[in-house]
Amino acid sequence: MEKDSIEQQVQGKRPSELSQELQDLLSYDKTTGRWILELAEKNVYLVFSQNLLRWIPEEEDAANAKSATDVPDATAEFHRLKKEELLRQKLEKQKQKEQSKRERKNTAVYVTGLPLNIGAEELRGAFSKYGVIAEDLKTGEKKVKIYKDANGKVKGDALIVYAREESVAMAIEFLDGTSIGADSGKIHVSAADFSHKAADEPKLDTKPLGFKEKAQLKRKIEKLKNKVEGWEDDDEIAERKRAKAAKFDKVVVLKHCFTQEELKEDATAILDIKEDIREGCEQIGEVTNVVLYDLEPEGIVSVRFASSVAADICIKKMNGRFFSGQKLEAFKPDGLLRYKKSGKDDDNEAERLKNFGEWLDKE
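By my numbering, the letter at position 289 of the sequence shown is numbered 289, and the numbering carries on one by one without gaps.
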């Protein structure tokens with residue numbers, strides 16, 4: 001091993017963290033309480049500094065020790081330790097900064113295969129469905145970049161930057177392999193990869209922000225944050241609406257199936273009407289439930305099918321059809337109206353059972 005490579009290899013590592021090969025070259029000086037890495041053949045002796053968490057040449061360590069003993073009081077030692085602590089903190093911050101760069105979340109997608117006549121507005125419209133697109137905090141413009149060649153012609157690829165990392169996965173899942181615009185091929189959407197950027201890429205010459213500019217920037221960040229939260233709220237509301245719609249997707253409401261007079265005159269009318277409607281609807285598809293709302297003056301009956309397709313066919317066939325001399329209305333429930341029917345404990349139900357008993361006695 002070369003001297004320089006060994007010094008680089010051991011930096012930031014404690015004695016216990018060194019490779020087995022290097023640990024074999026370790027010795028502990030009980031007098032100074034220091035670990036020493038002995039590379040006698042290279043005339044290299046590295047001493048481990050507990051404060052710096054670094055390995056330093058023995059001569060440098062000795063110089064530090066001599067400097068400390070030359071001072072008649074503890075002031076020089078205090079300054080030396082303070083300097084070491086500041087250096088240690090600086091190294092720790094650099095380490096955290098580098099780690100943060102490696103773990104930086106990606107909020108951008110790279111798109112290829114776009115039609116050459118694509119516009120930024122059309123692109124924003126397609127990708128904003130899956131999250132809030134980030135804005136330039138100075139100009140307020142959406143971060144959508146359509147790449148062009150040296151002649152200013154659209155190349156067919158673009159970069160879209162979202163405000164949240166989660167939007168990247170959604171955009172890839174729902175847009176990758178789809179088409180945008182008429183007569184266009186399929187696009188490819190992937191997480192943006194910035195690793196190809198050169199390390200020596202020129203940096204922008206930015207000036208420190210004044211108080212007014214900082215205040216404006218803060219307001220823009222807050223505004224963007226509210227947009228992100230608002231988009232999530234809208235998404236949750238839409239999801240609840242979809243779930244609610246799916247709940248009634250297999251249900252059909254039939255209006256004008258009976259009159260209150262029919263129910264009063266015939267105690268068995270409810271059973272007969274339900275059976276007639278079930279038989280008629282089963283010709284369309286499998287029926288899982290039929291409910292007659294006997295307290296509704298408009299003669300409401302609901303029919304639940306096993307599939308939404310059968311429910312749609314039922315509406316087409318039953319709407320406008322005559323049943324017991326009345327013209328039916330068929331539609332899907334909106335979930336807002338609550339239809340009424342008598343229960344087992346209702347006075348109406350008790351009276352109906354009484355009427356049914358009297359009807360049986362007459363028979």
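Quick caveat, the hints were computed from the structure, so don't treat them as lab data. Treat the numbers as computed from the prediction; the structure is a model and nothing was measured. By construction, the Cβ of each residue, glycine as well, lies at the ideal position given by its N, Cα and C atoms. Treat each hint with caution, since some may be false.
Under the rule of at most 25 angstroms between Cα atoms (straight-line distance), these lysine to any residue pairs were calculated in the SDA-like manner [said to hold, decoys possible]:
| hint | residue 1 | residue 2 |
| --- | --- | --- |
| 1 | 186 | 144 |
| 2 | 316 | 286 |
| 3 | 143 | 96 |
| 4 | 13 | 35 |
| 5 | 255 | 329 |
| 6 | 247 | 279 |
| 7 | 82 | 96 |
| 8 | 138 | 124 |
| 9 | 13 | 98 |
| 10 | 90 | 17 |
| 11 | 138 | 148 |
| 12 | 138 | 121 |
| 13 | 274 | 312 |
| 14 | 264 | 248 |
| 15 | 155 | 134 |
| 16 | 341 | 304 |
| 17 | 105 | 174 |
| 18 | 145 | 134 |
| 19 | 317 | 283 |
| 20 | 327 | 267 |
| 21 | 316 | 298 |
| 22 | 186 | 156 |
| 23 | 327 | 287 |
| 24 | 332 | 308 |
| 25 | 264 | 334 |
| 26 | 274 | 329 |
| 27 | 153 | 120 |
| 28 | 255 | 316 |
| 29 | 247 | 138 |
| 30 | 264 | 276 |
| 31 | 274 | 321 |
Ranges between beta-carbon positions, derived for each pair [stated by the list, open to error]:
| hint | residue 1 | residue 2 | range |
| --- | --- | --- | --- |
| 32 | 14 | 190 | 38 to 44 angstroms |
| 33 | 338 | 173 | 34 to 40 angstroms |
| 34 | 136 | 87 | 43 to 49 angstroms |
| 35 | 85 | 58 | 17 to 23 angstroms |
| 36 | 9 | 176 | 40 to 46 angstroms |
| 37 | 153 | 176 | 30 to 36 angstroms |
| 38 | 28 | 85 | 20 to 26 angstroms |
| 39 | 38 | 87 | 47 to 53 angstroms |
Now the hints, each set against the structure:
{"no.": "1", "hint": "186 <-> 144", "in the structure": "holds, 19 angstroms"}
{"no.": "2", "hint": "316 <-> 286", "in the structure": "holds, 16 angstroms"}
{"no.": "3", "hint": "143 <-> 96", "in the structure": "violated, 28 angstroms"}
{"no.": "4", "hint": "13 <-> 35", "in the structure": "holds, 12 angstroms"}
{"no.": "5", "hint": "255 <-> 329", "in the structure": "holds, 5 angstroms"}
{"no.": "6", "hint": "247 <-> 279", "in the structure": "holds, 24 angstroms"}
{"no.": "7", "hint": "82 <-> 96", "in the structure": "holds, 21 angstroms"}
{"no.": "8", "hint": "138 <-> 124", "in the structure": "holds, 19 angstroms"}
{"no.": "9", "hint": "13 <-> 98", "in the structure": "holds, 17 angstroms"}
{"no.": "10", "hint": "90 <-> 17", "in the structure": "holds, 22 angstroms"}
{"no.": "11", "hint": "138 <-> 148", "in the structure": "holds, 23 angstroms"}
{"no.": "12", "hint": "138 <-> 121", "in the structure": "holds, 20 angstroms"}
{"no.": "13", "hint": "274 <-> 312", "in the structure": "holds, 20 angstroms"}
{"no.": "14", "hint": "264 <-> 248", "in the structure": "violated, 31 angstroms"}
{"no.": "15", "hint": "155 <-> 134", "in the structure": "holds, 23 angstroms"}
{"no.": "16", "hint": "341 <-> 304", "in the structure": "holds, 17 angstroms"}
{"no.": "17", "hint": "105 <-> 174", "in the structure": "holds, 21 angstroms"}
{"no.": "18", "hint": "145 <-> 134", "in the structure": "holds, 12 angstroms"}
{"no.": "19", "hint": "317 <-> 283", "in the structure": "holds, 11 angstroms"}
{"no.": "20", "hint": "327 <-> 267", "in the structure": "holds, 23 angstroms"}
{"no.": "21", "hint": "316 <-> 298", "in the structure": "holds, 20 angstroms"}
{"no.": "22", "hint": "186 <-> 156", "in the structure": "holds, 12 angstroms"}
{"no.": "23", "hint": "327 <-> 287", "in the structure": "holds, 22 angstroms"}
{"no.": "24", "hint": "332 <-> 308", "in the structure": "holds, 10 angstroms"}
{"no.": "25", "hint": "264 <-> 334", "in the structure": "violated, 30 angstroms"}
{"no.": "26", "hint": "274 <-> 329", "in the structure": "holds, 16 angstroms"}
{"no.": "27", "hint": "153 <-> 120", "in the structure": "holds, 14 angstroms"}
{"no.": "28", "hint": "255 <-> 316", "in the structure": "holds, 14 angstroms"}
{"no.": "29", "hint": "247 <-> 138", "in the structure": "violated, 46 angstroms"}
{"no.": "30", "hint": "264 <-> 276", "in the structure": "holds, 18 angstroms"}
{"no.": "31", "hint": "274 <-> 321", "in the structure": "holds, 17 angstroms"}
{"no.": "32", "hint": "14 <-> 190: 38 to 44 angstroms", "in the structure": "holds, 41 angstroms"}
{"no.": "33", "hint": "338 <-> 173: 34 to 40 angstroms", "in the structure": "holds, 38 angstroms"}
{"no.": "34", "hint": "136 <-> 87: 43 to 49 angstroms", "in the structure": "violated, 38 angstroms"}
{"no.": "35", "hint": "85 <-> 58: 17 to 23 angstroms", "in the structure": "holds, 22 angstroms"}
{"no.": "36", "hint": "9 <-> 176: 40 to 46 angstroms", "in the structure": "holds, 43 angstroms"}
{"no.": "37", "hint": "153 <-> 176: 30 to 36 angstroms", "in the structure": "violated, 25 angstroms"}
{"no.": "38", "hint": "28 <-> 85: 20 to 26 angstroms", "in the structure": "holds, 24 angstroms"}
{"no.": "39", "hint": "38 <-> 87: 47 to 53 angstroms", "in the structure": "violated, 25 angstroms"}
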